[in-house]
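Chemist: Residues per chain, in single letters:
2 protein chains.
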Amino acid sequence: MKEEIGAKNYLSPLPVTLVGANVGGKPNYIAIAFVGAVDYSHVSISSARNHYTNAGIRENGTFSVNIPGTDLVKETDYCGMVSGKDTDKSAVFETFYGELKTAPMIAECPVNLECRVVQTLEMKIHEVFIGEIVKTYCNEEVLENGGVDFAKVDPILFVIYGKDYWSFGRPFARGWNVGKELMR
Amino acid sequence: MKEEIGAKNYLSPLPVTLVGANVGGKPNYIAIAFVGAVDYSHVSISSARNHYTNAGIRENGTFSVNIPGTDLVKETDYCGMVSGKDTDKSAVFETFYGELKTAPMIAECPVNLECRVVQTLEMKIHEVFIGEIVKTYCNEEVLENGGVDFAKVDPILFVIYGKDYWSFGRPFARGWNVGKELMR
Numbered sequence: 001m002k003e004e005i006g007a008k009n010y011l012s013p014l015p016v017t018l019v020g021a022n023v024g025g026k027p028n029y030i031a032i033a034f035v036g037a038v039d040y041s042h043v044s045i046s047s048a049r050n051h052y053t054n055a056g057i058r059e060n061g062t063f064s065v066n067i068p069g070t071d072l073v074k075e076t077d078y079c080g081m082v083s084g085k086d087t088d089k090s091a092v093f094e095t096f097y098g099e100l101k102t103a104p105m106i107a108e109c110p111v112n113l114e115c116r117v118v119q120t121l122e123m124k125i126h127e128v129f130i131g132e133i134v135k136t137y138c139n140e141e142v143l144e145n146g147g148v149d150f151a152k153v154d155p156i157l158f159v160i161y162g163k164d165y166w167s168f169g170r171p172f173a174r175g176w177n178v179g180k181e182l183m184r
Numbered sequence: 001m002k003e004e005i006g007a008k009n010y011l012s013p014l015p016v017t018l019v020g021a022n023v024g025g026k027p028n029y030i031a032i033a034f035v036g037a038v039d040y041s042h043v044s045i046s047s048a049r050n051h052y053t054n055a056g057i058r059e060n061g062t063f064s065v066n067i068p069g070t071d072l073v074k075e076t077d078y079c080g081m082v083s084g085k086d087t088d089k090s091a092v093f094e095t096f097y098g099e100l101k102t103a104p105m106i107a108e109c110p111v112n113l114e115c116r117v118v119q120t121l122e123m124k125i126h127e128v129f130i131g132e133i134v135k136t137y138c139n140e141e142v143l144e145n146g147g148v149d150f151a152k153v154d155p156i157l158f159v160i161y162g163k164d165y166w167s168f169g170r171p172f173a174r175g176w177n178v179g180k181e182l183m184r
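Residue numbers (this note's numbering), protein chains in the order written: chain F, 1 to 184; chain X, 1 to 184.
Treat the hints with care, since some could be wrong.
Unchecked claim - Not everything, but these chain F residues come out facing chain X in the computed CB check (under 10 angstroms):
#1 GLU4
#2 LEU14
#3 GLY25
#4 ALA33
#5 VAL35
#6 SER46
#7 TYR52
#8 ALA55
#9 PHE96
#10 VAL117
#11 ILE133
#12 ALA151
#13 LEU157
#14 GLY162
#15 PHE168
What the hints assert, rightly or not - Just so you have them, the derived chain X footprint on chain F, three or more residues with Cβ under 8 angstroms:
#16 103-116
#17 140-149
Everything labelled a hint here was simulated from the structure, so no lab data went into it. This one's a predicted model, so the numbers in the text were calculated from it and none came from an experiment. Heads up, the beta-carbon is just placed ideally off N, CA and C, and yes, glycines get one too.
Same shape as in the complex, but just chain F (with noise of 0.2 angstroms):
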């Protein structure tokens, strides 16, 4: 039996990131989940207009996206918490910066996307930056075989309209595989 409830986005789980920006040559980071793949080397993050982040990205059109695994929770709250309006969040972790050098990476994320902003849709309150990724760094404890194992990463997940963070699970099925025998 359907139920309809309203036109609510609950396209979920999406991974929590922190994205990083160079705001009046300062680094700032702030917890994103309204983010997405848009194909293999282009990202999107959607960020409140209004938003302290958002006129670092417009000043330099570069951003990063981190990756925190579940041991940086407490951090990751903390920057979807204060603004950079009001606190000094450079601090919070140790940063890097790669090709770009207006990106501000974090040191503690396992996983780092450097991004250029190839594109910006205005929505309503959001602005969604389409970031073409320059270059992706990681920790090298989570490279397994050349790729990253996101069970080393552990990401912390994010459930849209929801309070709580989740963790990852396991896998529990080979994809392009599992299907198969539907084929007839």
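Fit chain X to the given chain F structure using the hints.
Modeler: Below, chain X alone, put in the same frame as chain F:
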């Protein structure tokens, strides 16, 4: 120690969805994990331009995003492996329609988003459809205090470049709360 691993899109994990579209008046479903939340009323889905589904989305300007549970992993994988060009997938699931009349939705999926295309981004290989959510449906057994309980949805997750389907975890910390102790 940071390793550079090229320019790889490790924005993961993401939910595996089944995107529905009418193609030539017939429902078709494709498995897509290149998705994103744009804001509270819009989602993005990204599908290679030559896919059968894309023609239907362009034709009607509508699509659906259906969230399968792990019990549907075989059917989901199947819909990701075979193309509607060669195989009629209209009977894999029970289809229902909503307000838009042309966006087929899957009865067996616990959550369904009925969407109208408001913008299309043209990437090199992919088309990115930005959909306004017109109505959301869910199975009554996943409703909990008026919201959707994703523990009951039991979604299928995917890591880009991976081959496995992953399960969802459990709540382990409270948002807008656990970071409070860093406020000084």
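Chemist: Min Cβ distance, LEU14(F) to chain X: is it shorter than 10 angstroms?
Modeler: holds (6 angstroms)
Chemist: Holds or violated: the hint that TYR52(F) contacts chain X, with Cβ atoms closer than 10 angstroms.
Modeler: violated (16 angstroms)
Chemist: Go through the hint on ALA33(F) and say holds or violated, using the shortest Cβ distance to chain X against 10 angstroms.
Modeler: Since chain X brings a Cβ to about 7 angstroms from ALA33(F), closer than 10 angstroms, the hint holds.
Chemist: Can you verify the interface hint for PHE96(F): is its Cβ closer than 10 angstroms to any Cβ in chain X?
Modeler: holds (7 angstroms)
Chemist: Would the hint on ALA55(F) be counted as holding, given a Cβ-Cβ threshold of 10 angstroms to chain X?
Modeler: violated (19 angstroms)
Chemist: Let's test the interface hint: is any C-beta of chain X closer than 10 angstroms to that of GLU4(F)?
Modeler: holds (6 angstroms)
Chemist: Would the hint on LEU157(F) stand, with a C-beta cut-off of 10 angstroms toward chain X?
Modeler: holds (7 angstroms)
Chemist: With a Cβ-Cβ cutoff of 8 angstroms, does the stretch 140-149 of chain F contain at least three residues near chain X?
Modeler: holds (count 5)
Chemist: Tell me if GLY162(F) is really an interface residue toward chain X, meaning its C-beta lies closer than 10 angstroms to one of theirs.
Modeler: Check passed: Cβ of GLY162(F) comes within 7 angstroms of chain X, closer than 10 angstroms.
Chemist: Less than 10 angstroms between beta-carbons is the criterion; does PHE168(F) satisfy it with respect to chain X?
Modeler: For PHE168(F), the interface hint holds, since the closest Cβ of chain X sits about 5 angstroms away, which is under 10 angstroms.
Chemist: Restraint: ILE133(F) near chain X, CB-CB cut 10 angstroms. Satisfied or not?
Modeler: holds (5 angstroms)
Chemist: With a cut-off of 10 angstroms on the beta carbons, see whether ALA151(F) makes it to chain X.
Modeler: This interface hint holds because 9 angstroms falls under the 10 angstroms limit.
Violated hints, in rising order: 3, 7, 8 and 10; the structure is consistent with all others.
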